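A.B. asks: Letter by letter, the chains look like this.
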Amino acid sequence: MSVKVGQKAPEFEANAFVDGGFKKVKLSDYKDKWVVLCFYPGDFTFV
Amino acid sequence: MLSCSVDSQFTHKIWQEVELSKMVDGGVQFPMLSDTGGKIGNLYGVYDEEGGVNIRGRFIIDPDGVVQAMEVLTPPVGRNFTELIRQVQAFQHVRETGEPTPAGWQPGKKTLKPGPDLVGKVWETWKIGD
Chain U
1 MSVKVGQKAP EFEANAFVDG GFKKVKLSDY KDKWVVLCFY PGDFTFV
Chain E
1001 MLSCSVDSQF THKIWQEVEL SKMVDGGVQF PMLSDTGGKI GNLYGVYDEE GGVNIRGRFI
1061 IDPDGVVQAM EVLTPPVGRN FTELIRQVQA FQHVRETGEP TPAGWQPGKK TLKPGPDLVG
1121 KVWETWKIGD
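These protein sequences, in sequence, are chains U and E. Heads up, the first sequence is in my numbering, so the first residue is 1 and it goes up one at a time. Heads up, the second sequence is in my numbering, so the first residue is 1001 and it goes up one at a time.
Heads up, some of the hints might be wrong.
[Stated by the list, open to error] Under the rule of at most 27 Å between Cα atoms (straight-line distance), these lysine-lysine pairs were calculated in the DSS-like manner:
id: 1; chain 1: E; residue 1: K1109; chain 2: U; residue 2: K23
id: 2; chain 1: U; residue 1: K33; chain 2: E; residue 2: K1110
id: 3; chain 1: U; residue 1: K23; chain 2: U; residue 2: K8
id: 4; chain 1: U; residue 1: K33; chain 2: U; residue 2: K23
id: 5; chain 1: U; residue 1: K8; chain 2: U; residue 2: K33
id: 6; chain 1: U; residue 1: K33; chain 2: E; residue 2: K1039
id: 7; chain 1: U; residue 1: K4; chain 2: U; residue 2: K33
id: 8; chain 1: U; residue 1: K24; chain 2: E; residue 2: K1039
id: 9; chain 1: E; residue 1: K1039; chain 2: E; residue 2: K1022
id: 10; chain 1: U; residue 1: K33; chain 2: E; residue 2: K1121
id: 11; chain 1: U; residue 1: K4; chain 2: E; residue 2: K1022
id: 12; chain 1: U; residue 1: K33; chain 2: E; residue 2: K1013
id: 13; chain 1: E; residue 1: K1013; chain 2: U; residue 2: K26
id: 14; chain 1: E; residue 1: K1022; chain 2: U; residue 2: K23
id: 15; chain 1: U; residue 1: K4; chain 2: U; residue 2: K31
id: 16; chain 1: E; residue 1: K1022; chain 2: U; residue 2: K8
id: 17; chain 1: E; residue 1: K1013; chain 2: U; residue 2: K31
id: 18; chain 1: U; residue 1: K23; chain 2: E; residue 2: K1110
id: 19; chain 1: E; residue 1: K1022; chain 2: U; residue 2: K24
id: 20; chain 1: U; residue 1: K31; chain 2: E; residue 2: K1110
id: 21; chain 1: E; residue 1: K1121; chain 2: U; residue 2: K24
id: 22; chain 1: E; residue 1: K1039; chain 2: U; residue 2: K26
[Claimed, not checked] Label pairs and their calculated CB-CB ranges:
id: 23; chain 1: E; residue 1: T1125; chain 2: U; residue 2: K26; range: 22 to 28 Å
id: 24; chain 1: U; residue 1: V5; chain 2: E; residue 2: G1108; range: 21 to 27 Å
id: 25; chain 1: U; residue 1: G42; chain 2: E; residue 2: L1118; range: 42 to 48 Å
FYI, nobody ran anything at the bench for these hints, they're computed from the structure. Predicted, not measured: the structure shown is a model, and the values here were computed from it. All residues carry an ideal CB built from backbone N, CA and C; glycine is no exception.
Please take these sequences and the hints and turn them into a complete structure.
C.D. replies: What follows is the structure in structure tokens.
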């Protein structure tokens, strides 16, 4: 499955490192905000 | 801004501590998502099963949760964040004003008013760099 511009972004939930701690983050936590979702191959590489 | 790789949240913590915090004052402020197994990457079409990693994909998602833009690169080439910010500003401008932004548009630059009068006349009203 893949996404298309002009269509809804698929919802997800993930464990995250944020503000020095760990928490669950969902895409829908950012409703009414602009989101840039950025994938990269791995930590300790350039992005 | 949400970053996402197949690394665990624990690896993200170490990366932040040993490297990122030395590149950015106070470290990066956005959530670093763990996508172990590439489930999220699969949803977005950027998970490379052979390599077991997410390739360089980035998605601009508007306040309604709609994907407005995407860019996908193979791993060896890094990205241009100036262009990312320009695109976000352009999409925000379109959302606020309804005015489409021409090629290379920057905040404060000219926009176009599409309609029958503009057909064949873009060359008169807009030049590269306007």
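A.B. asks: Each of the hints needs a verdict: does it hold here or not?
C.D. replies: Here is what the structure says about each hint:
no.: 1; hint: E:K1109 to U:K23; result: violated (41 Å)
no.: 2; hint: U:K33 to E:K1110; result: holds (26 Å)
no.: 3; hint: U:K23 to U:K8; result: holds (24 Å)
no.: 4; hint: U:K33 to U:K23; result: holds (19 Å)
no.: 5; hint: U:K8 to U:K33; result: holds (14 Å)
no.: 6; hint: U:K33 to E:K1039; result: holds (23 Å)
no.: 7; hint: U:K4 to U:K33; result: holds (19 Å)
no.: 8; hint: U:K24 to E:K1039; result: holds (15 Å)
no.: 9; hint: E:K1039 to E:K1022; result: violated (31 Å)
no.: 10; hint: U:K33 to E:K1121; result: violated (36 Å)
no.: 11; hint: U:K4 to E:K1022; result: violated (37 Å)
no.: 12; hint: U:K33 to E:K1013; result: holds (25 Å)
no.: 13; hint: E:K1013 to U:K26; result: holds (19 Å)
no.: 14; hint: E:K1022 to U:K23; result: holds (23 Å)
no.: 15; hint: U:K4 to U:K31; result: holds (19 Å)
no.: 16; hint: E:K1022 to U:K8; result: violated (37 Å)
no.: 17; hint: E:K1013 to U:K31; result: holds (26 Å)
no.: 18; hint: U:K23 to E:K1110; result: violated (43 Å)
no.: 19; hint: E:K1022 to U:K24; result: holds (26 Å)
no.: 20; hint: U:K31 to E:K1110; result: violated (30 Å)
no.: 21; hint: E:K1121 to U:K24; result: violated (52 Å)
no.: 22; hint: E:K1039 to U:K26; result: holds (14 Å)
no.: 23; hint: E:T1125 to U:K26: 22 to 28 Å; result: violated (44 Å)
no.: 24; hint: U:V5 to E:G1108: 21 to 27 Å; result: holds (25 Å)
no.: 25; hint: U:G42 to E:L1118: 42 to 48 Å; result: holds (47 Å)
Of the hints listed earlier, those the structure fails to meet are numbers 1, 9, 10, 11, 16, 18, 20, 21, 23, in rising order.
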